[in-house]
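Engineer: Each chain is listed here by its residues.
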Amino acid sequence: MDLTVANLTVARGGIAVLEGVSFRLGSGRALVLRGPNGIGKTTLLRTLAGLQPAVAGEMSVPPESLAYAAHADGLKAVLTVEENLRFWASISGTQAAEAAMAAMNLQELRDRRAANLSAGQKRRLGLARILVTGRPIWVLDEPTVSLDAASVALFAGVVRAHLAAGGSALMATHIDLGLAEAEVLDLTPFKARRPAAGGRVGAFDEAFG
Amino acid sequence: MGALLIRDLRLAMRAGGGFGLGLAFFLLVAVLVPLGVGPEGDVLGRIAPGILWVGALLACLLSLDRIFALDFEDGSLDLLATSPIPLEGVVAVKALAHWIVTGLPLTLVAPGLGVLLNLPVAGYGWLVLSLLLGTPALSVIGAFGASLVVGVKRGGLLLSLLVLPLYVPTLIFGAEVVKRGAAGQAAEVPLLLLAGITLGAAALLPFAAAAAIRINLR
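Protein chains in written order, with my numbering: chain A, 42 to 250; chain B, 1305 to 1522.
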């Protein structure tokens, strides 16, 4: 499934941060978003995931075909690894919890409560959640935060397998995943003009637009 | 959606889940009021319907801000909003889970607390029936209020102020059912109005709440 984004303008807090973003992500491809802090990587990814409306522009696929992984993993501390994962699998209507645990090397931790996981283990569990959604396009916001080198390599392998199976991945990351085939899109040229320089200004009733 | 209900119930039952908070509060109210008011049976019997309903209402209010706040803080709400389940369904299921954890236990223990408050014998059936029909409205309206303050730090105060006026009709008709029932009068009309409030709230408010959450997640 191809994701084509055309002339997208995204806003945070009513002020446009990126405008005219256009790219194409074919199946089997990975695209890494780069740009300094605050350029609007997360805002762009949240817009693509359907969590906030775009100010202008279009995307070719509905948000329902995107699996979104945010900074926060959405884990419940009092549930075990397996319970957390099975919950998201049944929400997505898939049976992939077991395979996801195997892929992210979580089988030994399956009965441990998420509260007792290390930061890196939590992140691995959060990324395993992406696997159980069964959606073709992965949208990953800083997926490698707090992962050690071995886990980064493990996750790179998971992403590669997903690409090989015809999926695609859009990532905002500063760490090189070691995906040689990934293209890089620098967002700096798309930085929105300031309102004083003719940029868009958010309306007062932005929430209801 | 079943998975979400089971997860929410499981979270409520585990340590720190808040199960029993409302129940304990309700118990305290019913135990303390006779001590404060004094042992005159007829006074207690007269105020029992009102006290029991006010107690149930405040007990429900206690746990409202947990409905969405915890899921918002750990990022689950974002992920639920991008999941295949419609957000309206998420709201409805969470309101149902809240009712099972607070409203239902309150309904079940209410007759026991009615004894403490010297509720007339004729009132017990009406008490249980009115709470059974009325507390779901408290959970649904509460879920709507909680959706309005998603993302507001320490939104509990704002939530109480938003929700209390919306609770007033439920309280008036609920207490009226028990009052009339206890006095041996016909209580069908307030009971039907109470059921109407619950059905109307359950039908409409999940849509309003889902819209509010979508705006608050932006």
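Think of the hints as simulated: they come from the structure by calculation, not from any bench. Just to be clear, a hint being listed does not mean it is correct.
[Claimed, not checked] With beta-carbon atoms standing in for the labels, derived distance ranges:
1. B:1500 to A:230: 33 to 39 angstroms
2. A:187 to B:1377: 36 to 42 angstroms
3. B:1314 to A:235: 44 to 50 angstroms
4. B:1314 to A:159: 41 to 47 angstroms
5. A:161 to B:1429: 53 to 59 angstroms
6. B:1332 to A:235: 23 to 29 angstroms
7. A:205 to B:1511: 18 to 24 angstroms
8. A:102 to B:1429: 27 to 33 angstroms
9. B:1460 to A:75: 20 to 26 angstroms
10. A:101 to B:1469: 52 to 58 angstroms
11. B:1327 to A:77: 51 to 57 angstroms
12. A:221 to B:1465: 55 to 61 angstroms
13. A:186 to B:1468: 38 to 44 angstroms
14. B:1310 to A:56: 24 to 30 angstroms
[To be verified] Once the Cα atoms are required to be at most 20 angstroms apart in a straight line, the calculated EDC-like pairs of lysine to aspartate or glutamate come out as:
15. A:232 to A:123
16. B:1457 to B:1377
17. A:163 to B:1378
18. A:232 to A:217
19. A:163 to A:189
20. A:163 to B:1344
[Said to hold, decoys possible] Listed next, the stretches of chain B that the computed footprint assigns to chain A, with coverage defined by at least 3 CB atoms under 8 angstroms from CB atoms of chain A:
21. 1387-1395
22. 1428-1434
Idealized CB from N, CA, C, for every residue including glycine.
Engineer: With reference to the structure, classify each hint as holding or not holding.
Structural biologist: The hints, checked one at a time:
The hint said 33 to 39 angstroms for the Cβ distance between residue 1500 of chain B and residue 230 of chain A, and at roughly 59 angstroms that hint is violated. Between residue 187 of chain A and residue 1377 of chain B the beta carbon distance is about 18 angstroms. The supplied range of 36 to 42 angstroms is therefore violated. The hint said 44 to 50 angstroms for the Cβ distance between residue 1314 of chain B and residue 235 of chain A, and at roughly 49 angstroms that hint holds. Between residue 1314 of chain B and residue 159 of chain A the CB atoms are about 23 angstroms apart, so this pair departs from the stated range of 41 to 47 angstroms.
For the hinted restraint 53 to 59 angstroms between residue 161 of chain A and residue 1429 of chain B, the CB-CB distance of approximately 58 angstroms keeps it satisfied. The beta-carbon spacing between residue 1332 of chain B and residue 235 of chain A, approximately 57 angstroms, falls outside the hinted interval of 23 to 29 angstroms. Checked against the hint of 18 to 24 angstroms, the pair residue 205 of chain A and residue 1511 of chain B fails, with Cβ atoms roughly 42 angstroms apart. Distance hint for residue 102 of chain A and residue 1429 of chain B: a CB-CB separation of about 57 angstroms, inconsistent with the stated range 27 to 33 angstroms.
Distance hint check for residue 1460 of chain B and residue 75 of chain A: the Cβ-Cβ separation is about 41 angstroms, which falls outside the suggested range of 20 to 26 angstroms. At about 46 angstroms, the beta-carbon gap between residue 101 of chain A and residue 1469 of chain B misses the expected band of 52 to 58 angstroms. Between residue 1327 of chain B and residue 77 of chain A the CB atoms are about 52 angstroms apart, so this pair conforms to the stated range of 51 to 57 angstroms. Checked against the hint of 55 to 61 angstroms, the C-beta distance between residue 221 of chain A and residue 1465 of chain B comes to roughly 57 angstroms, which is consistent with it.
Residue 186 of chain A and residue 1468 of chain B have their C-beta atoms about 42 angstroms apart, which keeps the hinted 38 to 44 angstroms range intact. Between residue 1310 of chain B and residue 56 of chain A the CB atoms are about 42 angstroms apart, so this pair departs from the stated range of 24 to 30 angstroms. For the suggested pair residue 232 of chain A and residue 123 of chain A, the alpha carbons sit about 42 angstroms apart, so the restraint of at most 20 angstroms is broken. With a C-alpha separation of about 10 angstroms, the suggested pairing of residue 1457 of chain B with residue 1377 of chain B holds against the 20 angstroms cut-off.
Proposed proximity of residue 163 of chain A and residue 1378 of chain B is supported: the alpha carbons are some 12 angstroms apart, at most 20 angstroms. A C-alpha spacing of about 23 angstroms is found between residue 232 of chain A and residue 217 of chain A, which places the hinted pair above 20 angstroms, so the restraint is violated. Taking the CA atoms of residue 163 of chain A and residue 189 of chain A, the gap is near 12 angstroms; set against the 20 angstroms cutoff, the hint holds. Between the alpha carbons of residue 163 of chain A and residue 1344 of chain B the distance comes to roughly 59 angstroms, so the proposed pair goes past 20 angstroms and is violated.
Given a C-beta distance limit of less than 8 angstroms, the hint that chain A covers the segment 1387-1395 of chain B holds, as 3 residues qualify and 3 suffice. With 0 residues having a Cβ less than 8 angstroms from any Cβ of chain A, the segment 1428-1434 of chain B misses the three-residue criterion, and the hint is violated.
When the structure is compared with the earlier hints, violations turn up for hints 1, 2, 4, 6, 7, 8, 9, 10, 14, 15, 18, 20, 22 and for no others.
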